[in-house]
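> Given next are the chains, with one letter for each unit.
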Amino acid sequence: MNDKKWIVLGLVIFLGLFTFPLWYNLLVRPGTAAPAPEVVLTDKAKAARQCVMPTEFMKTDHMQLLDEWRLKMVREGTGTFVNPEGKMFAASLSNTCLDCHSNKAEFCDRCHDYVSVAPYCWDCHLDNPKGER
Amino acid sequence: MLEIALKGSKTYYAWILALLAIIGMGFLLYMWQLQYGLGITGLSRDVSWGFYIANFTYLVGVAAGGVMVVLPYYLHDYKAYGRITVLGEFLAIAALVVCLLLIFVDLGQPMRGLNVMLYPTPNSVLFWDAMVLNGYLLLNLIVGWNVMEAERNGIHYQKWLKPLIYLSIPFAVSIHTVTAFLYSGLPGRGFWLTAILAPRFLSSAFAAGPALLILLCLFIRNTTKFDPGKKQIQTLGITVAYAICINVFFFLCEIFVVFYSQMPEHMDHFIYLFFGLKGYNSMVPWMWSSMALMVIGIILTVNPATRKNEVTLAVACVVIIFGTWIDKALGMIAGGFVPNPLHEVHEYVPTLPEIGITIGVYAIGALVLTVLYKMAVGVKEEVRA
Amino acid sequence: MESSRRRFMKMAGIAAVGLSAQPVIKAVAAAPTNGTHSLQKGPKALIGSQWAMVIDTRRFKTERDVAPLIEACHKTHNVPHFSDRRHEIKWLWETHFHNAFPDIVNPHMSEEAEHRPYLVLCNHCENPPCVRACPTKATFKRQSDGIVVMDMHRCIGCRFCMAACPYGARSFNFRDPRQGLVEKEMNPQYPTRMKGVVEKCNFCSERLSEGLMPACVEASKGAIVFGDLRDPNSEVRRVLRENFTIRRKSGLGTEPCVYYIV
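Residue numbers (UniProt numbering), protein chains in the order written: chain A, 1 to 133; chain B, 1 to 385; chain C, 1 to 262.
Don't take every hint at face value.
Lysine-lysine pairs mimicking DSS-like chemistry, simulated, CA-CA at most 27 Å apart [said to hold, decoys possible]:
(1) C/Lys184 <-> A/Lys104
(2) A/Lys72 <-> C/Lys184
(3) C/Lys221 <-> A/Lys72
(4) C/Lys137 <-> C/Lys184
(5) A/Lys72 <-> C/Lys141
(6) A/Lys87 <-> A/Lys44
(7) A/Lys104 <-> A/Lys44
(8) A/Lys104 <-> A/Lys87
(9) B/Lys308 <-> B/Lys230
(10) C/Lys75 <-> A/Lys87
(11) C/Lys221 <-> C/Lys75
(12) B/Lys308 <-> A/Lys5
(13) C/Lys44 <-> A/Lys72
(14) A/Lys87 <-> C/Lys61
In silico contact screen, one side only, chain C against chain B (beta carbon under 8 Å); selected entries [stated by the list, open to error]:
(15) Gly42
(16) Thr62
(17) Lys137
(18) Cys155
(19) Pro166
(20) Ser171
(21) Arg207
(22) Gly211
(23) Arg241
(24) Phe244
(25) Thr245
(26) Thr254
Worth flagging that the hints you see were computed from the coordinates, not collected in a lab. This structure is a prediction, so every number in the text was calculated from the model and none was measured. Glycine residues also receive a C-beta, built at the ideal position from the N, C-alpha and C atoms.
Starting from the given sequences, assemble the full structure and let the hints guide the process.
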């Protein structure tokens, strides 16, 4: 066990590099964090007032909801979503979500970019269902 | 034990570097495939599996062939093989690594590969194939490593290994049987739809695997202080002789059924391979070479004079490896997919990037084999010194 | 010391395996539990327990008669067009009699029937070999309507289903399909696919759920009848009762649900 100091040194260097983003932001560049993004609602979205579910739920759980939609739609053929108020919607990313939120760049992308996630929805689903461009 | 593989001559390191360079080339080509899609291969909607799956099928055979030293040693107490069982097991490990990687590079969406575990589907043969291949890999790693470590320490291997060793024998048979079932259970693919396919796969595996092992033993004897043994090589030679004869016999059984019954659904594939169909005949020279090579292999291994001479035995092994490779890798895929289910002929030719990626994967296998054999031979040299 | 370090490594290894299995357990256990909302069939959805199709081939004399159907299908579903035959994607296409029915070989058949174009597509078999082959249930026989569906989010692109299909009905995305589509002509209501997944005809399940007949049926001006095979009073069953029909490679036991009046 005469390599102890090397092992400890190696571990320290590893941990240092591993936590680099944390202490870099905290110590070297405090207060420069990017501000949380503001999403833009289209007129249609504003007029609707509420999404298929309450806004708070949508903010935190829209991905789970979409996952459930695609699972049920594809695998069980149940493509109509009924929300707690009893309102019905087609369980469709392209035809329901993007119908209101037709401004993907200002609505979807802003937050996704901010939290650095790259969902591959758009590899297949077209982002302008109304064909406006 | 891994430290043994770090000490080597300049040639050893040059070989490792060369392999790494080839792996790097293959990796770059794979990045291209990942970016563009499998369109960089010669595959099409008619021939939807190609060079990757062909070589996968062949290498499963090489992996299963390792059992031809394990079985006589542990089941029949054939003591002579004690020296080389670990070589058989390590060859199986390297071959399995190549197999699994070839499956991986064949996937259109490799990032989702683990869906096979996330949504286990027992009615799919591919699910079982993934299970037995990984299982056999694990068994060989555990058994090979521990037995070798015990040998190094001069003790008998642990008792709990024994059941795993026995288990590895049916597992070896299962990996190639299940791989054959991938093909032979499909309605409407007349070339594969035959109960003889799994036996054919096994017989060619038990020829090709030991043949490769003979070549590796000869190489080890010529380059290291460890001699796998003349007797061992000769016994392997007999195994190869029987297996290649049985392989050709099984093939002729298939030929009889197909051409005597004259059912076009089954016959047209063989006609395409050996004579060409509707003017398409790119497989014809390959298939006849395969036949010729296997016959030469039989002559050289069955004849005692040429089998006992290690030079001609080595030639026979090379010939058999190539003959069975054409038969089982190229022919199995091309024959199965041409003509297609609509009875149209669309031929398949692998592209250069496709071949490059395959070579890169083979190089990974060679690297694994080099390191494992370096360790095995190092231990043997240590024990005998 | 030696042995305790070793034991530590072993325990750490076991713990690592356990931890790595956790997301799997979570994924399996995380069935949607929210009771306040639900997914159901839409009010307009057409209901059938085994959809089937009867193609009256007598109504299609030349290529020009089938082209609009193929176009309707491929337009609706954003099926790309590639000039390289190897990358071709086909959901619905036409072929010769002896290609569509290679097991019904007859050297002296009616010339008129022999030279008709025959539409071929996924047969949505009652006993589908592709479903048996798929290692992830990405392609499956949907219990509710008998359609052989592809789950594009789950397909790993192993192409075992393509080897298993005796009708050559499946295509693979050898490259990004959007490169084979003209953006202005795409149907924005329906997704494209991504490279590396298999695709095929889906019996227009997305149209059925909105109360519409499949695109090809709609474009066929009555030459294709579509309906529920399990309903003895359905239009499909009536047509099957009144006409002699054949199916592709019926000897294989796959029980195709696409019937042909010849």
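> So, for every hint listed, does it hold in this structure?
We went through each hint and held it up to the structure:
1. C/Lys184 <-> A/Lys104: With a Cα-Cα distance of about 18 Å, the restraint between C/Lys184 and A/Lys104 holds, given a limit of 27 Å.
2. A/Lys72 <-> C/Lys184: Measuring from Cα to Cα gives roughly 30 Å; hence the hint is violated.
3. C/Lys221 <-> A/Lys72: Cα-Cα ~33 Å, so violated.
4. C/Lys137 <-> C/Lys184: Violated - the C-alpha atoms of C/Lys184 and C/Lys137 are around 34 Å apart, more than 27 Å.
5. A/Lys72 <-> C/Lys141: 14 Å, holds
6. A/Lys87 <-> A/Lys44: 17 Å, holds
7. A/Lys104 <-> A/Lys44: 14 Å, holds
8. A/Lys104 <-> A/Lys87: Holds, at roughly 24 Å.
9. B/Lys308 <-> B/Lys230: The hint holds at about 9 Å.
10. C/Lys75 <-> A/Lys87: 32 Å, violated
11. C/Lys221 <-> C/Lys75: Between C/Lys221 and C/Lys75 the Cα gap is close to 18 Å, so the pair holds against 27 Å.
12. B/Lys308 <-> A/Lys5: Not satisfied, since the Cα-Cα distance of roughly 59 Å exceeds 27 Å.
13. C/Lys44 <-> A/Lys72: Given pair C/Lys44, A/Lys72 holds - Cα atoms ~17 Å apart, limit 27 Å.
14. A/Lys87 <-> C/Lys61: Outside the cut-off at roughly 48 Å; violated.
15. Gly42: Violated. Min distance 27 Å.
16. Thr62: Status violated, d = 20 Å.
17. Lys137: This interface hint holds because 5 Å falls under the 8 Å limit.
18. Cys155: 7 Å, holds
19. Pro166: Interface hint status for C/Pro166: holds (2 Å vs cutoff 8 Å).
20. Ser171: 5 Å, holds
21. Arg207: 25 Å, violated
22. Gly211: Since the shortest Cβ distance to chain B is 32 Å, the answer is violated.
23. Arg241: 28 Å, violated
24. Phe244: 23 Å, violated
25. Thr245: Since the shortest Cβ distance to chain B is 20 Å, the answer is violated.
26. Thr254: 7 Å, holds
Consistency with the previously given hints fails for numbers 2, 3, 4, 10, 12, 14, 15, 16, 21, 22, 23, 24, 25, ordered from lowest to highest.
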